[in-house]
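Working from the sequences, and respecting the hints, build out all of it.
Read off the chains here:
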Amino acid sequence: NAGVTQTPKFRILKIGQSMTLQCAQDMNHNYMYWYRQDPGMGLKLIYYSVGAGITDKGEVPNGYNVSRSTTEDFPLRLELAAPSQTSVYFCASSGGANTGELFFGEGSRLTVL
Amino acid sequence: QKEVEQDPGPLSVPEGAIVSLNCTYSNSAFQYFMWYRQYSRKGPELLMYTYSSGNKEDGRFTAQVDKSSKYISLFIRDSQPSDSATYLCAMSVQGAQKLVFGQGTRLTINP
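As you go down the protein sequences, you meet chains P and D in turn.
In my numbering, each residue carries its 1-based index in the first sequence increased by 550.
In my numbering, each residue carries its 1-based index in the second sequence increased by 93.
Treat the hints as calculated values from the structure; they're not laboratory data.
Quick reminder that beta carbons are idealized off the backbone N, C-alpha and C, glycines included.
In silico DSSO-like pairs for lysine-lysine, Cα to Cα no more than 27 Å straight-line:
1) D:LYS95 to P:LYS607
2) D:LYS191 to D:LYS135
3) D:LYS95 to D:LYS191
4) P:LYS559 to D:LYS191
5) D:LYS149 to D:LYS191
6) D:LYS191 to P:LYS594
7) D:LYS95 to P:LYS594
8) D:LYS160 to D:LYS149
9) D:LYS160 to P:LYS594
10) D:LYS135 to P:LYS594
11) P:LYS607 to D:LYS135
12) P:LYS564 to P:LYS594
13) D:LYS163 to D:LYS95
14) D:LYS160 to D:LYS191
15) D:LYS95 to D:LYS149
16) D:LYS163 to P:LYS594
17) P:LYS559 to D:LYS135
18) D:LYS149 to D:LYS163
19) D:LYS191 to P:LYS607
20) D:LYS135 to P:LYS564
21) P:LYS594 to P:LYS559
Computed far set for chain P versus chain D, every beta-carbon distance over 10 Å:
22) ARG561
23) ALA574
24) VAL610
25) ASN612
26) GLY613
27) TYR614
28) THR621
29) GLU622
30) ARG627
31) LEU628
32) LEU630
33) ALA632
34) THR636
35) THR661
Label-pair restraints from in silico Cβ distances:
36) D:SER162 to P:GLU629: 42 to 48 Å
37) D:SER175 to P:LEU630: 40 to 46 Å
38) P:GLN572 to D:SER175: 28 to 34 Å
39) D:ARG134 to P:ARG627: 22 to 28 Å
Below, the structure written as structure tokens:
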């Protein structure tokens, strides 16, 4: 039972570098999300997708891009990394039912120096 | 004003105590109210879910929603060291879509 799988778990980037955080789910969920979590700040929604080919901005989308070419995968692209993007990134999915339940991955810790 | 306010703590109580965690919110359109539990270096997991106002009980956990006061609570009875975690309230206008999270309260239960 893999659920939501995120890679890499840890990464250090230099300012100006780019990278992609990978997210895959095996529950056939239509809805997928990217959140970032900063210390004492809760979770902020970056981007979300309601199905393959459909994405939309969340609360804090600047500096990020996403794509959703398949139901299973929802990668998050960081262009021109900045220290303000140092955070823990969580990918989540849901079946869309009105239960409020998101299934989260274990997170990707990113440090930009 | 933040849309959802939650005291970040930390909160430390002895084993067996009753724990009360709370959140306030400003958006009267919220209909779905959740509590997530997050262990250190793990992703959050859904603990309790309530639709609209009222109480919901699940074992040692009780969730309460008071929409008239825009206030939600989570009570933990007979707290155990394994309950030590960060508890995040979350709410939305429509189900699991675009949840708005509180800051999270770090709770420690001391044996």
